[in-house]
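Visitor: For the sequence shown, full-length UniProt numbering gives the first residue as 1, with consecutive numbering after it.
Worth flagging that the hints you see were computed from the coordinates, not collected in a lab. C-beta atoms are modelled at their ideal positions from N, C-alpha and C, and glycine is treated no differently. A couple of the hints might just be wrong.
[Unchecked claim] Straight-line Cα separation of at most 30 Å, DSSO-like style, residue types lysine-lysine; simulated pairs:
no., residue 1, residue 2
1, Lys-241, Lys-298
2, Lys-207, Lys-302
3, Lys-295, Lys-207
4, Lys-309, Lys-210
[Said to hold, decoys possible] If you anchor each label on the Cβ, the simulated ranges turn out as follows:
no., residue 1, residue 2, range
5, Lys-352, Arg-204, 43 to 51 Å
6, Arg-345, Asn-126, 51 to 59 Å
7, Ile-237, Asn-66, 16 to 24 Å
8, His-60, Asn-250, 44 to 52 Å
9, Arg-208, Asn-66, 20 to 28 Å
10, Lys-197, Pro-39, 42 to 50 Å
11, Arg-270, Arg-303, 15 to 23 Å
12, Asn-251, Pro-39, 50 to 58 Å
13, Gly-47, Gln-73, 14 to 22 Å
14, Glu-65, Asn-250, 52 to 60 Å
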Amino acid sequence: MGYSTRKLQRDMLVILLVWSHISFVYGLVFNRRAEACEPIQIPMCQGMPYNMTRMPNLLHHSTQENAKLSSEQFEKLIEQNCSDVLLFFLCAMYAPICTVNFQPEPIPPCRSVCERARMGCERIMNEHNVSWPEYLDCSSLPRYDRGVCVSPEAIVSSLPDRGQTTPEPIAETNGNNKSDRDTTNKTRKKGGCHCTKRPRLKKRLYKRGKFNFAIRARILGHDTANTINTVTRVSVIKVLKSTRVQIVENNGIELWTNSTCVCPKLLRRREYLIIGYDDPATQRLLFFDNCFASKWQKRWEKRISKWNKKRRTCRKKKRKNCRVNRNKNRVNSTGSNQSVRNRGRENRRNRKKNRINSTSTS
1 MGYSTRKLQR DMLVILLVWS HISFVYGLVF NRRAEACEPI QIPMCQGMPY NMTRMPNLLH
61 HSTQENAKLS SEQFEKLIEQ NCSDVLLFFL CAMYAPICTV NFQPEPIPPC RSVCERARMG
121 CERIMNEHNV SWPEYLDCSS LPRYDRGVCV SPEAIVSSLP DRGQTTPEPI AETNGNNKSD
181 RDTTNKTRKK GGCHCTKRPR LKKRLYKRGK FNFAIRARIL GHDTANTINT VTRVSVIKVL
241 KSTRVQIVEN NGIELWTNST CVCPKLLRRR EYLIIGYDDP ATQRLLFFDN CFASKWQKRW
301 EKRISKWNKK RRTCRKKKRK NCRVNRNKNR VNSTGSNQSV RNRGRENRRN RKKNRINSTS
361 TS
């Protein structure tokens, strides 16, 4: 009996020693992994407010060289300046920020950053028959109030201490703190929102813009979403041009702006003609700086219906036929003007002849 108890104690001691050794080795490996931060070598991400990254990244690239080759497809889209957070979002995915003291895993960008980048650039991608990539799905990223994520506003812009190579990221806050609200109000009071004067809406600008919707609406108010986007609540009075997003008359709808400043300005309790774009993927109406808003006048309804009819007839016909018809109209108009001029010249000649004949007879 004593021998069996001694054997059991010896076996337990061996197990404890083996377990402690395994945990020690695992701790060393884990610490090495946590300390495996490396300088950013991807050219487009070297201007980020952080300078250290970690591999594999959030897209499962094992090296920065692989991440660099994959990220080169977005260079032309970045040159379009379609969103002020596109570069930050892509770099947060391809070269995520590495912080040893914060958490060992790569920190993803917030979902609001992804939505903001997609809202500004997806329309340009669709024009080139390219859709938003599935591996950049915004729904897979954490929200600012439900997880740890990083955004451009969350990174400390001041220089860190000498011993710290990368600023610590902060998870986005939902704006419930009084200090957060005060700072945003101060920037607005100081004149942070400056809207450039837009040209008047004419037929040529309406066609070039390729807008998706046109409505007559009354402004109800503005709300800030995720401290980045602005949601304008409007009451739709009449739909002048329908869109892929359902718009019901005499009902409320939201206009999304990828900024805290809404330009052109929309004053509360006033009626406007509002023309903008849509996002069928998120079922949202978008109102950007290049959209149009003008105080409502009766003439707008006739003009826009007229412009829409001309666009529909031209779409039904072939483009070449539309151009040929335009050229024919120009030729006919110039021909008619030329005939009028010729008639005037002939009348002048006849008058001169009559004068000469009258003087000769006298």
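Visitor: Does the structure break any of the earlier hints, and which numbers would those be?
Guide: 7 and 9
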